[in-house]
Amino acid sequence: MIPLSLRLTVQGGREAVVRLVLLVLAVGLGTGLLLAAIAGINAVNTQNQASAWLWTGNQVEPAGPPAAGNARLWWHISADMFAGQSITRVDVAATGAAAPVPPGIARDPGPGQYYASPALAALLRGKPADELADRYPGRLAGTIGEAALPSPASLVIIVGHTPAQLARTSYTVPVTAIASTWPGGFARRFNPHGLSIGPPVQQLNASGTDLVLSVVALAILTPVLIFIATATRLSAARREQRFAAMRLVGATRRQISMIAAVESTVAAAGGMAIGFGLFFLLRVPLASIPFTGEPFFPAQMSLSVLDIVAVAAGIPVAAAVAARFALRRVQISPLGVARRGTPKPPAAWRLIPLLAGVSELSFFVVHGRPATVSGQVQAYFPGILLVVIGLIVAGPWLTMTAARFLARRARRPGALVAARRLADDPHAAFRAISGLVLALFVTTVAVALLSTNDATKTHRDQTVPAANVLTDQLTGAGDLWYSGLPAAPPPTSVPWLARVRGIGGVTGVVEVYADAKLTIRPNPHGAQVSAGLVSCAQLAKVPSLGRCPAGAAVAGFPVALNTVQAGTIGNITWPAEPVPAQRLPGRGVDALNVATNGSQQAIERARTVLASAYPLLAPPQTIGEQIAQNNAVNDAYQQLTDVVILTSLVVAGCTLAASIAAGLADRKRPFSMLRLTGARLGTLRRVVVLESAVPLLAVAVVAIGAGFAAAALYASSEMKHSLVPPGAGYYLFTAAGIAMCLVIIAATFPLLRRITGPEVARNE
Amino acid sequence: MTILQAKDVVKSFGQTPALRGASMTVRQGEILAVMGPSGSGKSTLLHCLAGILVPDEGEIWFDGQRLDTTTDEHRSELRRDRFGFVFQTGQLVPELTAEENAALPLLLGGARRAPAIAEARAWFGRLGLDGLEQRRSGELSGGQAQRLALARGLVTGPQVLFADEPTGSLDSVSGEIVMNLLTAAVREQGTTVVLVTHDARVAAYADREIIVRDGTVSTLTGVQP
Amino acid sequence: MSVPLTLLGLLEREPSHGYDLKRDYDAYFGRGKPLRYSQVYATLGRLTRDGKATPGPVEQGAGPERRRYIITDAGVADVEEWLSEPVQPEPDLQSELFAKVVLALILDRPAGRYLDIQRAAHLQRMRELTELKSHGDPLDVLLADHALYRLEADLRWIDHTAARLEPLAKAVRR
Numbered sequence: 015m016i017p018l019s020l021r022l023t024v025q026g027g028r029e030a031v032v033r034l035v036l037l038v039l040a041v042g043l044g045t046g047l048l049l050a051a052i053a054g055i056n057a058v059n060t061q062n063q064a065s066a067w068l069w070t071g072n073q074v075e076p077a078g079p080p081a082a083g084n085a086r087l088w089w090h091i092s093a094d095m096f097a098g099q100s101i102t103r104v105d106v107a108a109t110g111a112a113a114p115v116p117p118g119i120a121r122d123p124g125p126g127q128y129y130a131s132p133a134l135a136a137l138l139r140g141k142p143a144d145e146l147a148d149r150y151p152g153r154l155a156g157t158i159g160e161a162a163l164p165s166p167a168s169l170v171i172i173v174g175h176t177p178a179q180l181a182r183t184s185y186t187v188p189v190t191a192i193a194s195t196w197p198g199g200f201a202r203r204f205n206p207h208g209l210s211i212g213p214p215v216q217q218l219n220a221s222g223t224d225l226v227l228s229v230v231a232l233a234i235l236t237p238v239l240i241f242i243a244t245a246t247r248l249s250a251a252r253r254e255q256r257f258a259a260m261r262l263v264g265a266t267r268r269q270i271s272m273i274a275a276v277e278s279t280v281a282a283a284g285g286m287a288i289g290f291g292l293f294f295l296l297r298v299p300l301a302s303i304p305f306t307g308e309p310f311f312p313a314q315m316s317l318s319v320l321d322i323v324a325v326a327a328g329i330p331v332a333a334a335v336a337a338r339f340a341l342r343r344v345q346i347s348p349l350g351v352a353r354r355g356t357p358k359p360p361a362a363w364r365l366i367p368l369l370a371g372v373s374e375l376s377f378f379v380v381h382g383r384p385a386t387v388s389g390q391v392q393a394y395f396p397g398i399l400l401v402v403i404g405l406i407v408a409g410p411w412l413t414m415t416a417a418r419f420l421a422r423r424a425r426r427p428g429a430l431v432a433a434r435r436l437a438d439d440p441h442a443a444f445r446a447i448s449g450l451v452l453a454l455f456v457t458t459v460a461v462a463l464l465s466t467n468d469a470t471k472t473h474r475d476q477t478v479p480a481a482n483v484l485t486d487q488l489t490g491a492g493d494l495w496y497s498g499l500p501a502a503p504p505p506t507s508v509p510w511l512a513r514v515r516g517i518g519g520v521t522g523v524v525e526v527y528a529d530a531k532l533t534i535r536p537n538p539h540g541a542q543v544s545a546g547l548v549s550c551a552q553l554a555k556v557p558s559l560g561r562c563p564a565g566a567a568v569a570g571f572p573v574a575l576n577t578v579q580a581g582t583i584g585n586i587t588w589p590a591e592p593v594p595a596q597r598l599p600g601r602g603v604d605a606l607n608v609a610t611n612g613s614q615q616a617i618e619r620a621r622t623v624l625a626s627a628y629p630l631l632a633p634p635q636t637i638g639e640q641i642a643q644n645n646a647v648n649d650a651y652q653q654l655t656d657v658v659i660l661t662s663l664v665v666a667g668c669t670l671a672a673s674i675a676a677g678l679a680d681r682k683r684p685f686s687m688l689r690l691t692g693a694r695l696g697t698l699r700r701v702v703v704l705e706s707a708v709p710l711l712a713v714a715v716v717a718i719g720a721g722f723a724a725a726a727l728y729a730s731s732e733m734k735h736s737l738v739p740p741g742a743g744y745y746l747f748t749a750a751g752i753a754m755c756l757v758i759i760a761a762t763f764p765l766l767r768r769i770t771g772p773e774v775a776r777n778e
Numbered sequence: 357m358t359i360l361q362a363k364d365v366v367k368s369f370g371q372t373p374a375l376r377g378a379s380m381t382v383r384q385g386e387i388l389a390v391m392g393p394s395g396s397g398k399s400t401l402l403h404c405l406a407g408i409l410v411p412d413e414g415e416i417w418f419d420g421q422r423l424d425t426t427t428d429e430h431r432s433e434l435r436r437d438r439f440g441f442v443f444q445t446g447q448l449v450p451e452l453t454a455e456e457n458a459a460l461p462l463l464l465g466g467a468r469r470a471p472a473i474a475e476a477r478a479w480f481g482r483l484g485l486d487g488l489e490q491r492r493s494g495e496l497s498g499g500q501a502q503r504l505a506l507a508r509g510l511v512t513g514p515q516v517l518f519a520d521e522p523t524g525s526l527d528s529v530s531g532e533i534v535m536n537l538l539t540a541a542v543r544e545q546g547t548t549v550v551l552v553t554h555d556a557r558v559a560a561y562a563d564r565e566i567i568v569r570d571g572t573v574s575t576l577t578g579v580q581p
Numbered sequence: 008m009s010v011p012l013t014l015l016g017l018l019e020r021e022p023s024h025g026y027d028l029k030r031d032y033d034a035y036f037g038r039g040k041p042l043r044y045s046q047v048y049a050t051l052g053r054l055t056r057d058g059k060a061t062p063g064p065v066e067q068g069a070g071p072e073r074r075r076y077i078i079t080d081a082g083v084a085d086v087e088e089w090l091s092e093p094v095q096p097e098p099d100l101q102s103e104l105f106a107k108v109v110l111a112l113i114l115d116r117p118a119g120r121y122l123d124i125q126r127a128a129h130l131q132r133m134r135e136l137t138e139l140k141s142h143g144d145p146l147d148v149l150l151a152d153h154a155l156y157r158l159e160a161d162l163r164w165i166d167h168t169a170a171r172l173e174p175l176a177k178a179v180r181r
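Residue numbers (our numbering), protein chains in the order written: chain B, 15 to 778; chain H, 357 to 581; chain Z, 8 to 181.
In case anyone wonders, no lab produced these hints; they're calculated from the structure. Every residue, glycine too, gets a C-beta built ideally from N, C-alpha and C. Keep in mind that the hints are not guaranteed to be accurate.
[What the hints assert, rightly or not] Listed below are several chain H residues computed to face chain B (Cβ distance under 8 angstroms; list not exhaustive):
#: 1; residue: Gln447
#: 2; residue: Leu448
#: 3; residue: Leu464
#: 4; residue: Leu526
#: 5; residue: Leu537
#: 6; residue: Ala540
#: 7; residue: Asp555
[Stated by the list, open to error] Label-pair distances were calculated between CB atoms; the ranges are:
#: 8; chain 1: B; residue 1: Arg683; chain 2: Z; residue 2: Pro41; range: 32 to 42 angstroms
#: 9; chain 1: H; residue 1: Ser368; chain 2: Z; residue 2: Ile124; range: 54 to 64 angstroms
#: 10; chain 1: H; residue 1: Gly546; chain 2: Z; residue 2: Ile77; range: 54 to 64 angstroms
#: 11; chain 1: H; residue 1: Gly494; chain 2: B; residue 2: Leu365; range: 38 to 48 angstroms
#: 12; chain 1: Z; residue 1: Ile113; chain 2: H; residue 2: Asp437; range: 52 to 62 angstroms
#: 13; chain 1: H; residue 1: Asp437; chain 2: Z; residue 2: Pro41; range: 37 to 47 angstroms
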C-alpha cells in the first residue's frame, strides 16, 4: 500500500507537483516560524534567567548571622547611562573570603577593582576617560562571563569597595547568597529588609513576553495554516475523482485514508526538513535582532530536545490527521464527483465562539484583572484565542448571509452568479480571504492598543526643548520607586558645581533646593507633585525649563522633572515663592538640572562628574533619554506588530491568489461556456471580483469591529483606560491592505481570459 | 443458478426516487442487458447490485449472501476481488501507468507489485494493448482506455463484470472492438455480465434483456425479469 | 436486388460465360438462393437485346453452347450510373408495423404491448446476427451489420412511437 501511495503522490503530473511543492514550502515556512517562536521564548527565558543574580538584593535572606563558612557581601545596585544605553552598576564589598561571588567572575572585586561586561569594557577602552571611565573608582580587573549577561550588548559593571565604604550607605543590603532564580517580575513579596528597588535594566517581563510571543506566533502561524489548507485543496476535484475511481475497484475507506495520509506526511516531512534547515540557517542572524530590546546570544536561541521531538513528531501527525479530516466527503461514495449534493449551509451557531471570546474579555472588565502576570496570561490569551477562532468559524456564515443579501438585490448577471456561488459554497469563498481577515483583526487590535498605550504615557514627543537637560535627583524624594527607607539628607554643599559649569557645552545649572512641604501643580489638570525652590536667576539662563513670574526671585519647581509633561516644561511659569534668594544656599539640594547643548561629549562629561561626586546614586538622565526609555517597550511592541502584520499580509495574499487560481481552474468549462454563449469577459471578471470582495468586506467589518471590541476590553481592564482611536495611519494602512487584495484579484484576470478561450469548450 | 438478485429495491436521491420496487435476478454465466430510457434508474440498479450504493429498502443478494446489510469494508473487498467494472468514462487513475491501472485491484488486495503487473500484462496482449504499458491514461485514445478498463475489470478473474454504457463515448468501430473482446473474454472465463445500455446493438451482445421503466423492472415478453 | 445490373457489373470485370456468371453471382450475392440457369440466360438475352452486352463467338468444346458475353460501352455506362445513384429507402417494414399500431389504437387494444413484443423479436434477431458476426467471414459481417443497423433504426422508431401513443390515440379516435 505504501509504495502505491508514494507513487500516487509523486507521479501526478504538473498540477500535482505544483501542489506538492506549494505544500512543502508552506509547511517549511510554518515549521521555521514555529521553531523560531519556540526558540525565541526559550531565549527570553534564558535572558531573564541570566539576570536573576541582579535581584540578589530583593531575595529573602534567613534571619540572624550567616552560617559558618559564609561571609556577607554588601550589595548595592544602581543604574547608569551612556549615550542612551543603560548600564547596570553593582557595587559590592566582601566581608570575607567566603562571601558569595556573582556569576561570570572568579572572585569578588576588591576595592579599586571592577569587572565589566565585554561590551562595556570595549566602551571603557574606546571612549575618553572623562566621559565614562572616571565614574568608576579603580581599574578594570577583568570581564564578566557570558553566564551572567542577558545579552551580548549588556552593559554591566561590578565595582569593588571595602565594607566600610558601603555598609552605611542607603539602598545597600548585606546578602549571604546570590539569587539564582528570576523572581518573575517585581513580586509583592520581597525581603522586607532588602532592597525595595529592582535592577534597573528590566527585560520585558517574561510572562508578559511569553504572552506577546505566543500571540505573535499564533498570529503568524494562522495565515500559514490557512495557506496550507488552501494548498491542500488545490486540484481537489481531480483528487476526489481519483479516489472515487479507486473506491470503485474496491479500495476500502481505510486504504484511501492511508494514501491521503502518506501524501500529507511526505509533504509534511519535506516541509519540516526545510523548516528545520531554515531555522538553523537563520538562527544566528535572528538572534542579533533585538526583538525584546536587546539581541540574544546565539546560544540562547536554542531548542530543547523536547521541543525538537515535539515539532518533529507533531507536524507529520498533524498533517496526517488533517488529511484524514479533509477526506470526509469522499469517503461517502465511489461515484465521486458524479453526484455531489450542495454542501450544507453554515448554521448560525457559528457565531458562538466569537461572542464567547468577546464576553470572556468583558468578564475581566467587570471582574477586574487577575493579580499576577501569569494569571493575566491565562485570562487574556484564551479570550483572544477564542475571538480569533471565532472569526474563522463565523466567517462562512457571515459570507453566506452577505451573499444572500446580495442575491436579493442583484440586478446584473455578474452579481447574481457571484452571489449564488457564494451562498452555495461559502466555506471555499471564506477560506480564500480568511488570512486577510485575521491580519485585519491583528492590525486593529495592535494599533488600537498601541495608541491607547501612548495616551497613558505622560509624554511621547522626543523633540522637546528640554531634551538635552540632565536631571538628577540627589535624594530620591518624590520618585515612585523608592519607598519606606529613610532618605539620605540632601547635601548642602556642592563644591564640584564649578567643574560642571566649566564643562564645554553646559549652558546652565539649576539647583532645586529642598522644601519638605512644598507641592505645586505644574500642569493645570495634572496632579500635585513634590517641589523645591529654585533661584530665578539660575532659571533665567535655562529658558527650556520654563520661566519665573516677572519680578520674582525664587519660584517653586518640581523635584522630579519626569512628573511633568515634557512638552510643556518650557512654557510653564513657575509659581513665585516668598523666600529670599540669599537664603537658598543653606538648604539642601534635592535635585540638579544641567542644561547642555546636546553633544554627547557634554552630556557624558557632566554625567561623569556627577557620578563620581555621588558614586552610589544613579547618575542623571536627560529628559530625552527618559522619554526614550518610556517608549522603549512600546517601540518593541510596535516592531513585533509590524513584523506580524507584514508577514500575515504576504502569506494571506499568496493564499488569496492560490485560491482564486484554483477556483478558476475548477470552473474552466462553465466559464468558457458562458463566454461562448455571449457573456462578456467583463461580466466574468465582475463575478471573480465579487466572489472575493463580498466575503472580504462582510467579514472585514466584523473583524475590525471585533478587533476594536477586544482592544477596548483589554484596555479598560488591563490598562484602566478607555480606548483611544488610532490615527490616520491605521485607516490608510487598512485601505491599502484592501486595495492590495483588489490588485491580487485583478492580477488573476489574464488567467481568466486565457482559460476561458474557446478551445476549452471542445467536447473531447 | 442465480448469482445476483434484487428484491423490491427502493432508492431515492434526495427528493427524486430512482428505483421504486425493482426486482430481478441474474443467472450465473449469462450476459444480461439492462435497458431503458435515460433517467429510468438502470445505472442505479447496477450500483445497488454491485454494492456501490445501499438501497433505502429491499434486498440485494450475491452468491447466497445479503449485500445491502454488510459493512462498507466488506462490499469494498467484494468489488475488489469478485467484481469487475467497465464504466463509460473516468474510472482510470491518471497518476498511474496503464499496467499499474490494470493491476490496481490486485495491488489493493495486497499483492506484490511484480506478480500483479505480470498478471495485468497477460491481458494486454489479448486486448490489443501491447506497447502501452507505460502510458498514462490521459495519453490513451477512448477505445484504448476502455480496453484498459476491461483489462482491469478482468484481472482478478471476477465472478461478475458490471458494465455501464461501456461504449457510450466511443465511435461504432471502437465500440464493436470493445464489445467483441468483452464477450470473448467473459465466455471463456464463464464470467457473468450485467450490462447497462440504451444502445440496442450493444444489448445484442447479451443473452437476454430486462427493461427498467420508471424505477421498476420488467421484460418485453412478460416473463419474470 | 437488381439481377441484370449485378450480372452486368460482373461482366465489366471480364468477358464471361453464363456459367461463370451464375457461379460468381451465387458466391457473392446468392446467400442461399442460387440463380436458375434459365434466369441467367434470359437476363443475358435481354441485356443483349438492349445493347448493354454482346455475345462473343461460340467456342467449341464439350457440353452445351458456350459463349462468352462482352459488356458494351452502354453497359459500362449503365453500371456506372447504377453504382453512383442512391438506393431508394424501402418502406416495407415500417408500413406494416405502422398499420398494426394504428389499428391497435383504433381498436383500443394495448399498442404498447404489441410494440414490446416487436422489440423483443427485433432484439432476438439482432442477437442472432451478432452471434453470426463473431465467426463469419468479412462479407457475412458486412451484410449482418447492414441488417443490424436497419433493425436498430426500427427500434428507434418503435421507441419514439411508444413514447407518443397517447397523442396518437387521440388523433385516430376522432
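Checking each numbered hint in turn, tell me which of them this model violates, lowest number first. The structure conflicts with hints 4, 5, 6, 7, 8, 9 and 13, although it agrees with all the remaining ones.
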